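Colleague: The chain contents come next:
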Amino acid sequence: MSLSAPIINNSARVGRVIPGFHLSLGFTLLYLSLIVLIPLSAVVINTLSMTWEAFWKAVTSPRVVASYQLSFGASLIAALVNLFFGTILAWVLVRYQFFGKKILDALVDLPFALPTAVAGIALTSLYSVNGWLGSILQTYGIKVAFTPLGVVVALIFIGLPFVVRTVQPVMEDAERELEEAAASLGANRLQTFLRVILPTILPALLTGFALAFARALGEYGSVIFIAGNLPMVSEITPLFIITKLEQYDYAGATAIAVVMLIASFIMLLTINLLQAWTRQRASKPRN
Amino acid sequence: MSTATTSITTATTAREPAFTPAATVEPLWVRITLITLALSFSALFLLLPLIAVFTEAFRKGWEAYLMAIIEPDALSAIRLTLLTAAIAVPLNLVFGVTASWTIAKFEFRGKSLLLTLIDLPFSVSPVISGLIYVLLFGAHGWFGAWLMEHDVQILFAVPGIILATVFVTFPFVARELIPLMQAQGNEEEEAALVLGASGWRTFWHVTLPNIKWGLLYGVILCNARAMGEFGAVSVVSGHIRGETNTMPLQVEILYNEYNFAAAFAVASLLALLALVTLALKSLIEWRMHDTSIQFVPEQTS
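Keeping their order, the protein sequence lines are chains Y and Z.
To convert, note that position 110 of the first sequence is 110 in my numbering; the numbers rise steadily by one, no gaps.
To convert, note that position 51 of the second sequence is 51 in my numbering; the numbers rise steadily by one, no gaps.
The shape of chain Y in the complex, shown without the other chains:
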């Protein structure tokens, strides 16, 4: 008790000692409003001027529904693949020593650093029928480039770092003592992983999965080169917005954008909840 009193006094004084609160808050809010909030509100306000029937018709036409299915399905598959391999990558980077580890660690961020258009044309050249991988897959009768499978490949590429970079720090902080305790109590390594390690990293795994999925939903640059962009078959929702814009159908484009924004906000909310859970899980053993 005697300790907490001065701390409260201290924190109350802090607000007065550090200068520039009103100036910095004012600038932050002004810049945020000008660059982000006002432009984004344009989407919502433009949609409000549409009638409900027109809006509903724009967002449920067969072609756009097919694009939702592709965007959603391909993002889900890609995020699941990244969940699996991302976890292995993070584990290997945290727990094992091997040649080239530091380079591999740096390379994981490549999809963040490489412009999406470059990734798009590189993947297309690899997986097209004449490409290094495409020609091999061709002999097995698998076509990747210009099919929905190509969309999945591009989304795996751009989503990979999200899972690795979310899970890696949690694995680094995980307490080895718990694993030793499990081993000393007779658990084998698989049991230890499933019952001790997995529960610790589960919130981070789900966060990484959700981040990769959310990014994949909105991705455009890397997908359009490899997808082939056939309406009803390999046309993603962001591309359909562009198509609408090129036809000067601004209302239609905006309506679909609102659907995508709602999906993004649901994902953002989910991710925030998952991150809160991750922090809570991570701080538990220390208390």
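The set of hints was computed from the structure by calculation and includes no laboratory data.
It should be emphasised that the depicted structure is a prediction, and the values quoted were computed from it without experimental measurement.
A few of these clues could be false.
Unchecked claim - In silico EDC-like links for lysine to aspartate or glutamate, alpha-carbon gap of 20 Å or less: (1) Y/Lys101 / Y/Glu172; (2) Y/Lys102 / Z/Glu285; (3) Z/Lys212 / Z/Glu187; (4) Z/Lys281 / Y/Asp249; (5) Y/Lys57 / Y/Glu246; (6) Y/Lys57 / Y/Asp249; (7) Y/Lys102 / Y/Glu177; (8) Z/Lys60 / Z/Glu71; (9) Z/Lys212 / Z/Glu285; (10) Y/Lys101 / Z/Glu26; (11) Y/Lys101 / Z/Glu285; (12) Y/Lys102 / Y/Glu172.
Chain Y is fixed; fit chain Z onto it per the hints.
Modeller: Below, chain Z alone, put in the same frame as chain Y:
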């Protein structure tokens, strides 16, 4: 509670020799399988695309490569990309520092809402990031008629490209700095202020040296995205050759014209930028890791 944990930890440390390493390490075949899986997956999805860019770029030889890069449209795309980054990055740098000063140094209501709003551009599809500027500045947009009257061109011109780039790179610097400044606390600034330094002086001589690596980290990531952004810029650019094409857009145009060697030549410059970004990023991470190790004993004592 804390004493119990300490005694348990000491107990395990004391008994540590009794544990064979095998108890907490996977069997050799599992380790080899996992490393092989990780390396093959990375080779397939990370390394191979990177190698493909450079192989395709040099397919027709050095001369064709150089010609593709010094071609006027390519040069103008490079200039526009550099100009865009040169405006967008400093703007978001100033915002990032101000926003993190506000959030890390003060307590106020609505802080977590503000944090979420700052992250917003990351969760918006690049295509929508471009669309919003079409809705504002397009011929039928909110300000379209006014801009036409005053003969100001924003959409399908350089200002639109810069605005869209500022939007998509908005959170980068702020998001790196906020956790860093929050972790560092206010003590050093308070000491400087108590000793009579002015607010600006405190910022320049106390805060800035403490956050410089995090700041550089954010700037590098912000720059990589500013130079590489495709979706948002593609919507607002209008694709006028030699005028409103950034490097990624130039790559797209060349590629769609089946001029693959030239497309990959321009792409290879962007890939090089990505590699430099990764190298600098790793360097700063090691640097920050070193300083954080140095700072830990000071904080606990």
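Colleague: Which of the numbered hints above does this structure break?
Modeller: 4 and 7
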